[in-house]
Amino acid sequence: MLPSAEGYFGSFGGRFVPETLMYALSELEESYLRLREEKTFRGELRSLLEDYAGRPTPLYFAGRLTEYVGGARIYLKREDLLHTGAHKINNTLGQVLLAKKMGKRRVIAETGAGQHGVATATACALLGIKCTVYMGEEDAKRQELNLFRMELLGAEVRIVRSGSRTLKDAINEALRDWVTNVEDTHYVIGSVVGPHPFPTIVRDFQRVIGEEAREQVLRAEGRLP
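Counting in our numbering, the sequence shown runs from 1 upward without gaps.
Don't read these hints as lab results, they were simulated from the structure. A portion of the hints provided could be inaccurate.
[Said to hold, decoys possible] Think about it this way: if two alpha-carbon atoms lie no more than 35 Å apart in a straight line, the pair counts; the simulated DSBU-like pairs of lysine-lysine are:
#	residue 1	residue 2
1	100	77
2	168	100
3	141	168
4	77	168
5	168	130
6	77	130
7	100	141
8	141	130
9	101	77
10	101	39
11	77	141
12	39	100
13	130	100
14	39	77
15	168	101
16	130	101
17	39	130
Keep in mind that this is a model prediction, so the values were computed, not measured.
Take the sequences, apply the hints, and build the full model.
In structure tokens, the structure reads:
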């Protein structure tokens with residue numbers, strides 16, 4: 001599904017934010033729509049995904065699972081084999097490269113289990129941009145290893161001790177940071193959430209999974225599922 005000009009996916013979407021963020025979101029939308037059409041930007045991102053992240057990922061036929069379940073032939077798209085161990089880096093490499101092209105000197109992100117934080121810190125370390133990650137205190141206790149990895153990569157991890165001390169509160173603090181430092185900071189949202197154009201941007205940077213899977217399953221089965 002493609003969004004409307006106002007950023008709606010059907011009855012969902014839109015841009016309901018404080019006035020202080022409207023200019024930043026408009027700037028982000030304009031920059032993204034321009035850069036995604038540029039061969040140089042697309043080439044840089046493709047190179048990062050292939051040479052650094054490890055794309056394309058294999059499509060694996062799960063023979064024993066297929067036999068156990070019965071019926072459908074089950075394939076697994078092995079995003080776990082990417083650098084940092086998850087699909088998150090597809091989006092963070094794209095967004096941090098976008099931020100750099102926009103002249104932003106700093107990136108912020110929220111994280112729960114830590115995977116998005118690690119992927120953002122990794123992209124920032126690679127591309128030379130300062131990184132701050134917000135993480136709820138409860139999540140930080142549960143995911144100490146990922147907290148260590150983020151700091152090892154040079155990110156500043158700010159522990160959130162308000163509210164439920166989980167992802168929801170980390171997002172709130174990240175948004176407060178962005179409102180305060182909007183001139184030089186880009187907020188790397190990790191999922192298809194938030195105000196327009198973030199859902200579109202994240203969707204576009206993650207579409208590589210589906211594009212690869214389509215080509216791979218056609219090669220393996222001669223047809224689409």
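Going through the hints against the structure:
Between the alpha carbons of residue 100 and residue 77 the distance comes to roughly 30 Å, so the proposed pair stays at or under 35 Å and holds. Taken as a hint, the residue 168 and residue 100 pair is honoured in the structure, with Cα atoms around 27 Å apart against an allowance of 35 Å. About 16 Å separates the Cα atoms of residue 141 and residue 168, which keeps this hinted pair within 35 Å; it holds. Annotation: proposed proximity of residue 77 to residue 168 holds, straight-line Cα distance about 29 Å (limit 35 Å).
Proposed proximity of residue 168 and residue 130 is supported: the alpha carbons are some 23 Å apart, at most 35 Å. This hinted pair checks out: residue 77 and residue 130 have alpha carbons roughly 32 Å apart, not beyond 35 Å. Under the criterion of a C-alpha separation no larger than 35 Å, the hint pairing residue 100 with residue 141 is consistent with the structure, at around 32 Å. Our distance criterion of 35 Å between C-alpha atoms is met by residue 141 and residue 130, whose separation comes to about 24 Å.
Taking the CA atoms of residue 101 and residue 77, the gap is near 31 Å; set against the 35 Å cutoff, the hint holds. The hinted pair formed by residue 101 and residue 39 meets the criterion: a straight-line CA distance of about 14 Å does not exceed 35 Å. Distance hint between residue 77 and residue 141 is fulfilled; the C-alpha atoms sit about 30 Å from each other, no more than 35 Å. Proposed proximity of residue 39 and residue 100 is supported: the alpha carbons are some 16 Å apart, at most 35 Å.
Restraint check: the Cα-Cα separation between residue 130 and residue 100 comes to about 11 Å, which is no more than 35 Å; the hinted pair holds. Our distance criterion of 35 Å between C-alpha atoms is met by residue 39 and residue 77, whose separation comes to about 27 Å. About 29 Å separates the Cα atoms of residue 168 and residue 101, which keeps this hinted pair within 35 Å; it holds. Between the alpha carbons of residue 130 and residue 101 the distance comes to roughly 14 Å, so the proposed pair stays at or under 35 Å and holds.
Between the alpha carbons of residue 39 and residue 130 the distance comes to roughly 26 Å, so the proposed pair stays at or under 35 Å and holds.
The structure shown violates none of the earlier numbered hints.
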